[in-house]
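**Q** Sequence:
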Amino acid sequence: MKLVTAIFKPSRLDAVIDALSDAGATGMTVSEVRGYGRQRGKT
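Residue numbering for the sequence shown follows this note's numbering, beginning at 1126 and increasing consecutively.
Among the hints, erroneous ones may be present.
The following label-pair restraints were derived from C-beta to C-beta distances [as the list claims (entries may be wrong)]:
id, residue 1, residue 2, range
1, Gly1162, Met1126, 32 to 42 Å
2, Pro1135, Gly1162, 13 to 23 Å
3, Asp1147, Met1126, 26 to 36 Å
4, Asp1139, Arg1163, 15 to 25 Å
5, Met1126, Ser1156, 29 to 39 Å
Straight line, CA to CA, 20 Å or less: simulated DMTMM-like cross-link-like pairs of lysine to aspartate or glutamate [stated by the list, open to error]:
id, residue 1, residue 2
6, Lys1127, Asp1147
7, Lys1134, Glu1157
8, Lys1127, Asp1143
These are calculated hints, taken from the structure and not from any lab test.
By construction, the Cβ of each residue, glycine as well, lies at the ideal position given by its N, Cα and C atoms.
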């Protein structure tokens, strides 16, 4: 068993799902994330 972590643009999601399915991946978790860099504002 292998753990694969990938970050890609949302527009590529369908292509990634198809590629992983073709490679034999049986399950995955998808999370939408936003932002970058250091968080500011709350102290």
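**Q** Does each hint fit the structure? Answer for all of them.
**A** Hint check:
As the Cβ distance of glycine 1162 to methionine 1126 is approximately 33 Å, the hint placing it in 32 to 42 Å holds. In this structure, proline 1135 and glycine 1162 meet the distance hint of 13 to 23 Å, their C-beta atoms being roughly 19 Å apart. Between aspartate 1147 and methionine 1126, the C-beta spacing of about 18 Å breaks the proposed range 26 to 36 Å. At roughly 32 Å, the beta carbons of aspartate 1139 and arginine 1163 sit outside the given window of 15 to 25 Å.
Between methionine 1126 and serine 1156 the C-beta distance comes to about 20 Å, which lies outside the given range of 29 to 39 Å. Pair hint lysine 1127 plus aspartate 1147 holds up; C-alpha atoms about 16 Å apart against a cutoff of 20 Å. For the hint pairing lysine 1134 with glutamate 1157, the CA-to-CA distance comes to about 10 Å; that is within 20 Å, so the pair holds. Between lysine 1127 and aspartate 1143, the direct Cα distance comes to roughly 18 Å. Compliance with the 20 Å bound is thereby established for this hinted pair.
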